[in-house]
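*Asks:* Respectively, the protein sequence lines represent chains A and B.
Residue numbering for the first sequence follows my numbering, beginning at 77 and increasing consecutively.
Residue numbering for the second sequence follows my numbering, beginning at 12 and increasing consecutively.
No wet-lab data here; the hints were simulated from the structure.
Some hints could be false.
Dumping the calculated BS3-like pairs for lysine-lysine here, alpha-carbon to alpha-carbon at most 30 Å [said to hold, decoys possible]:
#1 A:Lys132 / B:Lys79
#2 B:Lys731 / A:Lys132
#3 B:Lys737 / A:Lys132
#4 A:Lys139 / B:Lys557
#5 A:Lys132 / B:Lys560
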Amino acid sequence: MRAAEPTVESAPWAEFVPSVLSDHGTECCAMARAWYTAMDRSMWRGEGGPAWISRKFPWGPSKWPLFWCEAMEAEELDCGAHQALSMEAFRARGIRVVPVQLVQRQEVHHLPHWHGRWGDASASPAWAREGVAYHEACATLQEGRAEVWDPTVGAWLSPRHLEGVRSIAAVRIGGATASDEFVDWRGVRLRMGVWASLEAGGG
Amino acid sequence: MAQRFPQALTCYVSGVHSGPNPSPGLGVARSLRQAFPHARLVAVDYSVESSGLHSEVFDEVWVQRPWKEMRLPVYQAAIQAVLDGGALWFPGQDLEVEWMAGALPDPARAMLPGLAALERVAKPAIFASEGLPVSIPEWIGADRSDWDLHAFCREHGWRVWLKGPNYEAMKVRDWPSFRHGRDFLSELWGTEQLFVQRHVVGAEESVAFCAYRGELLDCVHMTKHTQTAEGKTWAGAVNEVEPGFAEALRARIAELNWTGGGELEYVRALDGTLHLIDWNPRFPAWIHAASFAGHNLPALLVEAAGMGTPQPVPFQTNQFTRIVLEVPVRNTHPLPAVRQANDQSGVGSKHPSGMTELSRRLRENRPREDEPVRPGPVVVPAMASDLEEVAGNGAATPRRMFLPRTSRERFAQVEAVLDAQPGGTVEVGFGYSVKTNPHPTLLALADQAGMFAEVISSAEMRRALEFGFPPERIIMNGPASQWPDGPGAGGPLMAAFADSPQAFERWMCHGPPEARYLGIRLRPVTFESRFGSGLGSVERFAHIVKLLKAMPAEQEMGLHFHFASDVLGPARWREVFEGVVHWAAAIEQSVGRGVRCLDMGGGYFPDDFDRELLPRIGAMTASASAMLPELERFFLEPGKAMAQPSMALATTVLEVRRGSDGAVEAVVDAAISDLPMAPFYPHRVYRRTRQGEWEGVGGGSDRLVGRICMETDILASDLKLPEELKAGDRLVIGDAGAYDASMAYNFGRGLLEDACC
Numbered sequence: 077m078r079a080a081e082p083t084v085e086s087a088p089w090a091e092f093v094p095s096v097l098s099d100h101g102t103e104c105c106a107m108a109r110a111w112y113t114a115m116d117r118s119m120w121r122g123e124g125g126p127a128w129i130s131r132k133f134p135w136g137p138s139k140w141p142l143f144w145c146e147a148m149e150a151e152e153l154d155c156g157a158h159q160a161l162s163m164e165a166f167r168a169r170g171i172r173v174v175p176v177q178l179v180q181r182q183e184v185h186h187l188p189h190w191h192g193r194w195g196d197a198s199a200s201p202a203w204a205r206e207g208v209a210y211h212e213a214c215a216t217l218q219e220g221r222a223e224v225w226d227p228t229v230g231a232w233l234s235p236r237h238l239e240g241v242r243s244i245a246a247v248r249i250g251g252a253t254a255s256d257e258f259v260d261w262r263g264v265r266l267r268m269g270v271w272a273s274l275e276a277g278g279g
Numbered sequence: 012m013a014q015r016f017p018q019a020l021t022c023y024v025s026g027v028h029s030g031p032n033p034s035p036g037l038g039v040a041r042s043l044r045q046a047f048p049h050a051r052l053v054a055v056d057y058s059v060e061s062s063g064l065h066s067e068v069f070d071e072v073w074v075q076r077p078w079k080e081m082r083l084p085v086y087q088a089a090i091q092a093v094l095d096g097g098a099l100w101f102p103g104q105d106l107e108v109e110w111m112a113g114a115l116p117d118p119a120r121a122m123l124p125g126l127a128a129l130e131r132v133a134k135p136a137i138f139a140s141e142g143l144p145v146s147i148p149e150w151i152g153a154d155r156s157d158w159d160l161h162a163f164c165r166e167h168g169w170r171v172w173l174k175g176p177n178y179e180a181m182k183v184r185d186w187p188s189f190r191h192g193r194d195f196l197s198e199l200w201g202t203e204q205l206f207v208q209r210h211v212v213g214a215e216e217s218v219a220f221c222a223y224r225g226e227l228l229d230c231v232h233m234t235k236h237t238q239t240a241e242g243k244t245w246a247g248a249v250n251e252v253e254p255g256f257a258e259a260l261r262a263r264i265a266e267l268n269w270t271g272g273g274e275l276e277y278v279r280a281l282d283g284t285l286h287l288i289d290w291n292p293r294f295p296a297w298i299h300a301a302s303f304a305g306h307n308l309p310a311l312l313v314e315a316a317g318m319g320t321p322q323p324v325p326f327q328t329n330q331f332t333r334i335v336l337e338v339p340v341r342n343t344h345p346l347p348a349v350r351q352a353n354d355q356s357g358v359g360s361k362h363p364s365g366m367t368e369l370s371r372r373l374r375e376n377r378p379r380e381d382e383p384v385r386p387g388p389v390v391v392p393a394m395a396s397d398l399e400e401v402a403g404n405g406a407a408t409p410r411r412m413f414l415p416r417t418s419r420e421r422f423a424q425v426e427a428v429l430d431a432q433p434g435g436t437v438e439v440g441f442g443y444s445v446k447t448n449p450h451p452t453l454l455a456l457a458d459q460a461g462m463f464a465e466v467i468s469s470a471e472m473r474r475a476l477e478f479g480f481p482p483e484r485i486i487m488n489g490p491a492s493q494w495p496d497g498p499g500a501g502g503p504l505m506a507a508f509a510d511s512p513q514a515f516e517r518w519m520c521h522g523p524p525e526a527r528y529l530g531i532r533l534r535p536v537t538f539e540s541r542f543g544s545g546l547g548s549v550e551r552f553a554h555i556v557k558l559l560k561a562m563p564a565e566q567e568m569g570l571h572f573h574f575a576s577d578v579l580g581p582a583r584w585r586e587v588f589e590g591v592v593h594w595a596a597a598i599e600q601s602v603g604r605g606v607r608c609l610d611m612g613g614g615y616f617p618d619d620f621d622r623e624l625l626p627r628i629g630a631m632t633a634s635a636s637a638m639l640p641e642l643e644r645f646f647l648e649p650g651k652a653m654a655q656p657s658m659a660l661a662t663t664v665l666e667v668r669r670g671s672d673g674a675v676e677a678v679v680d681a682a683i684s685d686l687p688m689a690p691f692y693p694h695r696v697y698r699r700t701r702q703g704e705w706e707g708v709g710g711g712s713d714r715l716v717g718r719i720c721m722e723t724d725i726l727a728s729d730l731k732l733p734e735e736l737k738a739g740d741r742l743v744i745g746d747a748g749a750y751d752a753s754m755a756y757n758f759g760r761g762l763l764e765d766a767c768c
């Protein structure tokens, strides 16, 4: 069973901004960042995305604001934290990277499980609605082309995934501020900072 | 059975097993059935254990005798009769294709390529791939010398595959697994024609195609999404082939004049490059998934052969997965009887295709060659001179011999690098690992070359002091560096590194060793090690930082990282080195004090030390000092690279056992206790010819076994011993100067350790 086709406008996350880790500005967060940077460098093999992050910190509830020192000691992190960490990793490799926000189709009956799990952790379940979910990723940019890295899955996403569970209903590349810059994501032209609904055949 | 094939199309489909490692026949048949509902489909296989025989997609089954016992000319005539009767044949097994291409006088209705095309797609070179946007991963024939093979494996970080001539591949992780794999695959396939190929990290993809008389009819691309433990496809996605790839394939198919199905298997590396692993002369087992996606390739072959027009294929989906189904067994072909549980023959565990048996049959028909001899080691001038001087004097054996010229050459290399000072403002030093071989001559050579002594115990420290190393030229590390109690160094050491946070904490409470640089050993984060302080969590990192912060303000800080390079290969070791430099920078930043000394090692294979490490020392030092601005000393510990070639073991042949099958086993007076590292890396073996020259002994399957009653007392199992070898002859086993010397033990000599009470 699936709910009505989601639209960005109908969901509360149209106004969401990409997640950013906070920093206490003290030794705790400085040490956490230093550890993270060295760890990422050790895990890097010269190519590809930082797949180690979601292995080290499996997907689960995070409470926001989330500080660096808390994130690095967490047993689980949500997709926003994964996104923020991946951005940091790509930047450290000298790659231009921007946040990506997605609306994905999901199973209707998964909602109470997510609400329960996030509720138990005193984390906000606002990302999940009936049949849809808000998700965060990041995009590497090179010569006008974008590749979208889903740090929670550890995989590069395709804009042609338009049907079924986890398919992409809408996407915004580059954060919440509209820009005049356009990027090409595997044949789909998108304006940075603007939500776009993806439809079959649109790419 | 009701006839559902009023028209003339009859297709024989071979290789129909459906298991975790399926053959393509069932998929081919399902696609044919979809396109030609009234066709007569006959399943062909070579064992009643081929599960697809029982699929209802087949109208008939034609089970042959196993390849091992089949009369090939009889089968050849039977197939030809089937083809002459107007049927088409879709082969599903690589070697069956090879045999049919050579055996059938008129294979026109068999959907298979010719012998010339098969030669062009044979592994590992796959010459037919020229012009395609793929490269062939580096490989080396297993007929090369063990020394070269070991070097290839190290070069690729022991991420390599040992492969058979047709299929079957074994992952190699170290030298023992390589040797085991070589023996296993040679025995299995009845051939020495194996090769070693580097592993490519990336996504596994393939392109399946069909062609008729050189015309590419269609092709599809498949990405594996999930695989079985054997690496076989379990789920995937079928899409169009990239246009550039398809056009290049079309040209190759025309050149090859290809007929039949085919599959190119490749890896898409993280950087997007494609690395071709295999070009199979038959459809893949997932071929029916292409039909779901609107590309019925088997049907196109029928149409191209003029045997009918396929029904249109509706597009269903481009993704597929496999499922496991129970199906009724045909009454005509019941299951074989249940084998008695203690029957070790294990027929049920074999793939029912019987390809290994066919491989043996095919090779039986080729001219027999003598067992190939892998080249022996070259006797370089320094070694020739050493052997002449120390091994030709008839002294009692077994005897470990110091090789003076070979040793001097090694230490001279280090001295030359130190003279050049490649580190610029950072002083480069080399540590001689005393544990590799504390022989006085080697210690003296290390001292003369300007090396430091790296010690792992107080006992070793006192040995280094005794042989002239002043305290300031000693570096101490190890899990029990201060064992046993006794006199101290008498002055500050150059450096001392605690092996664990607990050890460092103890130093801080009770007083550390007096050393210019004090620090801690770091444990690697990407592979297992029992040594050093773990960095795998921020808590552990914070603990290390806290401990280092507790050092007195005037104490200079150093960091230590050791992991054997020959286990990782030099390229991966350099990756780890870069990671360690970043860890050092993170520690420096968090502790708020500069890292003044970095000590890196170890376990370098001698050739890698010479060719890979020495030329890069300047770049490595520059990289480290760029990240660590206060760095003033950079120590490298080559480990066994210095000592390993410096000694050899002379042994005398006690008995030569020649088997009726030609296998030779020589019993010698040395034993595994004299050469404990024998299983772990190749040791070069030398002998003096009748002409009085020293020559290297080549590789084969002869064994050199030791004198003691232990099953493991096998010094070599991959030599080609000379025909004229006899009792009393002398052999010299090289590369025995490091752990072979320092870890040698008494066994079978009637001796017991003195300390026993």
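*Asks:* A separate judgement is required for each hint: does it hold in the structure or not?
*Replies:* Here is what the structure says about each hint:
1. A:Lys132 / B:Lys79: violated, 51 Å
2. B:Lys731 / A:Lys132: violated, 50 Å
3. B:Lys737 / A:Lys132: Violated. Lys737 of chain B to Lys132 of chain A sits at ~61 Å, over the 30 Å cutoff.
4. A:Lys139 / B:Lys557: holds, 28 Å
5. A:Lys132 / B:Lys560: Holds. Lys132 of chain A to Lys560 of chain B sits at ~27 Å (cutoff 30 Å).
In the structure shown, a violation is registered for the earlier hints numbered 1, 2 and 3, in ascending order.
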